[in-house]
Amino acid sequence: MKIDYRSGNSIKTQIPLDYKEYLKRKEDKQQQQQQQQQSTQPTGAITYKRKDRLDEQFRQIFMKTGIVTQASGSCYLEIEKTKVLCSVYGPRATPKTELFETAKLNCELKYATFSSNKEKFDYLENTKEKDQSLIIYQSIIGSLRLDKYPKTVVDVYILVLNDDGDVLVSAITAASMALADAGVEMYDMVASCSAVCIKDATLINPTAQEETLTEGAGKILVSKMPSHNNITQLIQTGELNYNNVLESVNLCIDGSDKIYSIMKQNLIDSLLRQQKKDGDGNEINGITTNAADDQMEE
Numbered sequence: 001m002k003i004d005y006r007s008g009n010s011i012k013t014q015i016p017l018d019y020k021e022y023l024k025r026k027e028d029k030q031q032q033q034q035q036q037q038q039s040t041q042p043t044g045a046i047t048y049k050r051k052d053r054l055d056e057q058f059r060q061i062f063m064k065t066g067i068v069t070q071a072s073g074s075c076y077l078e079i080e081k082t083k084v085l086c087s088v089y090g091p092r093a094t095p096k097t098e099l100f101e102t103a104k105l106n107c108e109l110k111y112a113t114f115s116s117n118k119e120k121f122d123y124l125e126n127t128k129e130k131d132q133s134l135i136i137y138q139s140i141i142g143s144l145r146l147d148k149y150p151k152t153v154v155d156v157y158i159l160v161l162n163d164d165g166d167v168l169v170s171a172i173t174a175a176s177m178a179l180a181d182a183g184v185e186m187y188d189m190v191a192s193c194s195a196v197c198i199k200d201a202t203l204i205n206p207t208a209q210e211e212t213l214t215e216g217a218g219k220i221l222v223s224k225m226p227s228h229n230n231i232t233q234l235i236q237t238g239e240l241n242y243n244n245v246l247e248s249v250n251l252c253i254d255g256s257d258k259i260y261s262i263m264k265q266n267l268i269d270s271l272l273r274q275q276k277k278d279g280d281g282n283e284i285n286g287i288t289t290n291a292a293d294d295q296m297e298e
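Residues 1 to 298, numbered by full-length UniProt numbering, are exactly what the sequence shown covers, in order.
Not one of these hints is a red herring.
Listed next, the in silico DSS-like pairs over lysine-lysine satisfying Cα-Cα at most 30 Å (straight line):
hint : residue 1 : residue 2
1    : K110      : K148
2    : K130      : K151
3    : K219      : K130
4    : K64       : K120
5    : K277      : K264
6    : K128      : K81
7    : K51       : K118
8    : K49       : K128
9    : K264      : K64
10   : K51       : K81
11   : K258      : K130
12   : K104      : K64
13   : K151      : K104
14   : K64       : K51
15   : K148      : K104
Pair by pair, the computed Cβ-Cβ distance ranges are:
hint : residue 1 : residue 2 : range
16   : N230      : L271      : 19 to 27 Å
17   : Q274      : Q209      : 33 to 41 Å
18   : I235      : Q34       : 23 to 31 Å
19   : K120      : E21       : 46 to 54 Å
20   : K81       : K130      : 18 to 26 Å
21   : L54       : T237      : 21 to 29 Å
22   : R25       : N229      : 52 to 60 Å
23   : D254      : T102      : 32 to 40 Å
24   : D278      : L54       : 36 to 44 Å
25   : K104      : K24       : 54 to 62 Å
26   : L246      : T212      : 24 to 32 Å
27   : L246      : T127      : 28 to 36 Å
28   : D254      : E21       : 49 to 57 Å
Hints are computed from structural coordinates only; laboratory data are not their basis.
Even glycine gets a Cβ: it sits at the ideal position worked out from N, Cα and C.
My request is simple: use the sequences and hints to build the entire structure.
Below is the structure:
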């Protein structure tokens, strides 16, 4: 009679004799893993300091409306090397089968294939573009009076030409400017600002290099309607303590107010240019400056 020795083999298990000792070993192992992760992080992520500007200082900003003549409204925005172009089409009527009481807002953000050296973007929409499109939609939807345009659709298309950090801030600001240029009724324009935190330091308006160096650190994005003093979007990513959150939000609110002043002046200049083009050179409240060529270095 043959005996199957494999059937009687028991499963070998290792049960700790002392449960407290087992927990201690587990904690020590976790601490070793954390120390290894910290040692593999780039040293610049902690000791990084800006050379060309202060921590609370903006990069140079340029914006201009009416760039795309075929669109209802458009805005081209540069934050130093970050370049964004936004076009708005509508409000335009929808088929009779689609009936709704207020206008429908569609937002779509797309990265150009040449916009970034670190990431490759295809013609198909990826997850990053979908997520950022949703954030832009949530940021500007509260500023629009869509009830004034029933049974219509407003399409907002944003193309990122070059990504050097703060793409969402640029896209939200450009989208609000393009909607105002299209003549869509709004409660107020939306200005946006962001900041990253490294321990006790808070860097406003970060570049792509700073965003890469601070991966794992906290980041705050604020979108605001300054005239109504209402925040339309507040996003935090990463871990932040209370003091960092408070400082970052206050800096972003102040930064949004500064960007908003440029947006207002730019719209006035756009109207003055249009009047001059039509042959009517009347001034508005004595303002004749051209803020589209101004650059903010605050």
